[in-house]
Amino acid sequence: MDSRNESSENMRNKCAACYRQFNKMEHLVEHMRGMLYRMANLGIQDEMKIDNSRAKVVSLACKMVGGGSDGSLDLCARVCLIDEHEKIIFQTYVKPHLPVTNYRYETTGIRPEFLRDAMPLRQVQRKIQDYLCNGEPIWQIRSRGGKARILVGHGLDHDLKCLEVEYPAILIRDTAKYPPLMKTSKLSNSLKYLTKAYLGYDIQIGTQDPYEDCVATMRLYMRMRSQAHKVEDYPMASDPQNRNNFASWRQSELERMTPEKMLEISRSDYYCWCLDSK
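Here the sequence shown is numbered in the working numbering, starting from 32 and rising by one per residue.
Read the hints as simulated data drawn from the structure, not as lab findings. Hints are supplied without guarantee of correctness; some may be wrong.
The list that follows gives simulated cross-link-like pairs (lysine-lysine, DSSO-like), each with its CA atoms no further than 27 Å apart [stated by the list, open to error]:
id : residue 1 : residue 2
1  : 208       : 192
2  : 309       : 292
3  : 223       : 118
4  : 118       : 55
5  : 217       : 178
6  : 192       : 217
7  : 118       : 87
8  : 192       : 126
9  : 309       : 178
10 : 309       : 87
11 : 158       : 118
12 : 118       : 192
13 : 227       : 214
The model shown is predicted, which means the values in this text are computed figures rather than measured ones.
Work the whole structure out from these sequences, hints included.
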């Protein structure tokens with residue numbers, strides 16, 4: 032009798048969509064509300080008929096399943112795109128063009144039935160590419176003054192490769208490659224670490240959601256972009272005007288300089304994101 036009651040309770044408190052079980056009914060109700068919100072945002076909203084003038088910066092994140100004989104080949108199975116206000120622009124499951132041999136359910140939460148009728152990779156690629164370029168031919172995209180959007184993410188080289196999307200580096204803001212967010216050894220920090228260290232909260236606990244990653248990278252970008260720096264006429268060390276900054280100084284004079292004086296004649300060897308707000 033007790034076992035039947037326990038079984039009945041488990042059935043009542045189990046999510047029909049993802050089969051997750053909850054001890055209390057109110058927890059299940061809250062979970063289902065979140066599921067309904069996510070399902071409402073699956074796919075392109077209104078087939079991408081959104082205000083093109085509104086989103087100047089977007090954040091992209093993917094979740095990968097495994098392909099190949101050993102399941103080690105990353106295949107994009109879910110993608111999310113948000114704007115600066117953390118509103119979902121595009122979110123969908125993706126049907127890979129290769130067979131999936133490992134769904135990595137423990138971290139992705141993805142089951143075979145989720146991909147059965149999912150949007151094909153080629154269609155996802157076209158929609159994301161068109162949205163990022165915003166009507167500009169990719170060969171005409173420039174760093175300033177154009178319509179193409181700034182793309183934010185973590186490990187974007189890998190995500191874009193899996194999506195088979197090409198995008199110019201001048202409009203990519205990758206938190207895995209931005210020097211102020213990297214280790215002193217020039218190795219990348221994980222997004223999980225950066226979110227905890229700079230934003231003060233934990234992500235990627237249990238099943239991982241690409242929307243959560245999008246929000247974290249967008250917040251990191253906005254924080255770095257808001258840093259107040261003195262803007263020089265020629266801010267980059269690679270600018271022709273700065274190539275001979277130290278040529279007129281002898282080694283002995285450089286060694287006697289104060290850090291403040293050396294900083295005054297120095298220039299950054301990377302593009303500072305604060306310049307995006309100028």
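Please flag the earlier hints that this structure goes against, numbers listed from lowest up. Going through the list in order, the structure violates hints 4, 5 and respects the others.
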